[in-house]
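Asker: Sequence:
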Amino acid sequence: MAGDEHVRRRAHARAATTHERAARSEREAADTSDVFGDAETAERRREAARRQEGDADDERHKA
Numbered sequence: 000m001a002g003d004e005h006v007r008r009r010a011h012a013r014a015a016t017t018h019e020r021a022a023r024s025e026r027e028a029a030d031t032s033d034v035f036g037d038a039e040t041a042e043r044r045r046e047a048a049r050r051q052e053g054d055a056d057d058e059r060h061k062a
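Residue numbers (numbering that gives the first Met the number 0): 0 to 62.
No lab work stands behind these hints: they were computed from the structure. Be a bit skeptical, because a hint or two may be false.
[To be verified] The following label-pair restraints were derived from C-beta to C-beta distances: (1) E27 with H5: 29 to 35 Å; (2) R43 with R7: 31 to 37 Å; (3) H60 with R23: 18 to 24 Å; (4) R50 with A12: 18 to 24 Å; (5) V34 with G2: 46 to 52 Å; (6) D37 with H60: 30 to 36 Å; (7) G2 with S24: 31 to 37 Å.
Backbone N, C-alpha and C define an ideal beta-carbon position, used for all residues, glycine too.
Construct the complete structure from the given sequences, taking the supplied hints into account.
Answerer: Structure below.
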């Protein structure tokens with residue numbers, strides 16, 4: 000049904016947006032860690048941001 004397809008696409012689009020927001024938050028946290036001189040935490044946060052961005056891409060492809 001067309002309605003079910005629309006609902007599915009919207010759900011994946013919402014999930015992609017959530018992952019994008021999480022990635023942005025992780026990048027901001029990485030920048031903050033850099034300011035405080037914690038390079039190890041900053042790199043872990045950047046890696047988490049990359050994973051979130053990948054998850055967002057996956058969700059967009061499902062939509």
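Asker: Does each hint fit the structure? Answer for all of them.
Answerer: For each hint, the structure was consulted:
1. A beta carbon spacing of about 33 Å between E27 and H5 agrees with the range 29 to 35 Å that was offered as a hint.
2. For R43 and R7, the Cβ-Cβ distance of about 33 Å falls inside the hinted range of 31 to 37 Å, so the restraint holds.
3. Judged by the Cβ atoms, the range 18 to 24 Å given for H60 and R23 holds: they are separated by roughly 20 Å.
4. Here the CB-CB span from R50 to A12 is close to 19 Å, well matched to the stated 18 to 24 Å.
5. The given range of 46 to 52 Å is respected by V34 and G2, whose C-beta atoms sit roughly 48 Å from each other.
6. Checking the proposed 30 to 36 Å range against D37 and H60 shows it holds: the Cβ atoms sit about 34 Å from each other.
7. The hint said 31 to 37 Å for the Cβ distance between G2 and S24, and at roughly 33 Å that hint holds.
In summary, the structure agrees with every hint in the numbered list given earlier.
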